[in-house]
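There are 2 protein chains.
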Amino acid sequence: MGKLLIVGTMAFDAIETPFGKTGKILGGAGTFIGLAASQFNVDSAIVSVVGDDFPQSYMDILKNKDIDLSGVEVVKGGKTFFWEGKYHNDLNSRDTLATELNTLADFNPVVPSDYADSDIVMLGNLHPNIQLSVINQMEKRPKLVVLDTMNFWMDIAMEKLKEVIARVDVLTINDEEARQLSGEYSLVKAANKILTMGPSYLVIKKGENGALLVNHEGMFFSPALPLEEVKDPTGAGDTFAGGFIGYLAQSGDLSFENMKRAVVLGSAMASFTVEEFGTDRLLNLDEREIDVRIQRFVDLVDFDILLTQ
Amino acid sequence: MGKLLIVGTMAFDAIETPFGKTGKILGGAGTFIGLAASQFNVDSAIVSVVGDDFPQSYMDILKNKDIDLSGVEVVKGGKTFFWEGKYHNDLNSRDTLATELNTLADFNPVVPSDYADSDIVMLGNLHPNIQLSVINQMEKRPKLVVLDTMNFWMDIAMEKLKEVIARVDVLTINDEEARQLSGEYSLVKAANKILTMGPSYLVIKKGENGALLVNHEGMFFSPALPLEEVKDPTGAGDTFAGGFIGYLAQSGDLSFENMKRAVVLGSAMASFTVEEFGTDRLLNLDEREIDVRIQRFVDLVDFDILLTQ
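Line by line, the protein sequences give chains A and B. FYI, the numbering used here numbers position 207 of the first sequence as 210, with every residue one higher than the one before it. FYI, the numbering used here numbers position 99 of the second sequence as 102, with every residue one higher than the one before it.
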């Protein structure tokens, strides 16, 4: 059982999609990452910050999944980070209606001493300074540091972000961000350039179009599972990351072959999240369902061919 | 060696992409389909129409690939169909700068008697009336009829198009067209609905995001190969169709398992086309290169996983 440290937001989300509208519900990158990773045999902790408006029942949801919350600062009189968004009809784009940073604005992450020797560190999408602070608090170099980020930080803090990128093993970004970071249009060229910036592995997340894993040994592609129902894409990328690191922490195998499996597991976990609003589907998931879904991934790309022409 | 009948445009294309600009070059759906299929062991013919401005050298390119052109009408004093387009920076969208139907406007396809008993008929993207005329000229029901079409015909001739769809075995369209045709957003629901309209197989083409094959037995997904260089996407979908039917005609096996292989072969052929302008790459291709590329598809999705969690 690997020790896993996650830094990421815990938040209130309010979401509207063509399939419905929520009030303030449990959200945040740290939440989705933690819940997805908790499906695996891991000893995990979240480092985050919330206000004292964050309900105990939400804390309990995470605690009940055996996630250590001693690194979650509760700011007295503070308000929890809030995001409100409305998805367009195709679910591939959305408008942000509100972003209230609240306590997140002054977030100073403190890694619990019990997790300063974690095997795997997952840096959820946050200001690069926060990510760097977490790396610097580790007692020893973790076996694997995974970084998620987004175009916003490339726009306003590229140099600092590059400092973080130089210190991680795996970077997860989407295709447009890979292009922005590298200045290359071709994803192959973009990936090769990014692999000279620090990471040994790059995961290019393409949402409903799957995920591409690249390292110097080669490339691996996992499709997203075509689904009957997609209600809410919020948290899909974070769930992917959680499944990815959860599987790696459980297996302790950081080879390219095992990274491929981790990408499939991440994709499988994300395929659940999008089926319901917020964390609803992740919270109601049994191991058998995960196995069935992985088999669907196996079948989806399965073909045999003889190179005899 | 299967007998293959292709109906599709033979055309002049003028193309601008961020990587260059051509004068009038050889193009057209029938051309790309025929050239891609000619990489396989097939006896193929194209039914099309051109003006007498269409150079003999272009005819010879196709003839040299053993494609029968007795079904290509040359209209005296007529001009060949011309398309001019400019791709945007991301290559995923384009502006049509000119569409001159010319002889295509009055195209009345005549199936050569030698090919009226073809095993496979490929109906390239054309007015549904033309596609229907070709089906009606067949001496007997072909073993497989494959239909390619686009949103334009859904907009202006949906009822006629549905008549054609009802009479084919495989329909190839893109994801937006699948949604338009079915009225369903979820591609899984869209596919299931379309499979009640006639075809046994649906191929949803997603360009750089791969292709999804669906029938009542299940789904199969082939990614597009991530490429170092993409210069010109023109003809990629037609090349896909040509590789798909070429492989099926050569093997004579119309099972789901073999359709999967055909999708991979189609994707492999399309991955060549986009690397150069027009037909340049297709015309300079050897079997060894195709084998190497298929191996890259095999490797790209290869993973093994034990369902033991």
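Hints are computed from structural coordinates only; laboratory data are not their basis. Where hints are given, some of them may not hold.
If several chains are the same, the list does not tell them apart, and a pair holds so long as it fits within one copy or across any two.
As the list claims (entries may be wrong) - With a straight-line Cα cutoff of 25 Å, these simulated DSS-like cross-link-like pairs (lysine-lysine) come out: (1) 192 - 89; (2) 82 - 163; (3) 209 - 192; (4) 68 - 196; (5) 24 - 192; (6) 66 - 165; (7) 165 - 143.
Against the structure, the hints come out as follows:
no., hint, verdict
1, 192 - 89, "between (34 Å within a copy, 23 Å between copies)"
2, 82 - 163, "neither (27 Å within a copy, 60 Å between copies)"
3, 209 - 192, "both (17 Å within a copy, 21 Å between copies)"
4, 68 - 196, "neither (39 Å within a copy, 40 Å between copies)"
5, 24 - 192, "between (40 Å within a copy, 22 Å between copies)"
6, 66 - 165, "neither (34 Å within a copy, 55 Å between copies)"
7, 165 - 143, "within (21 Å within a copy, 65 Å between copies)"
The structure shown violates the earlier hints numbered 2, 4 and 6.
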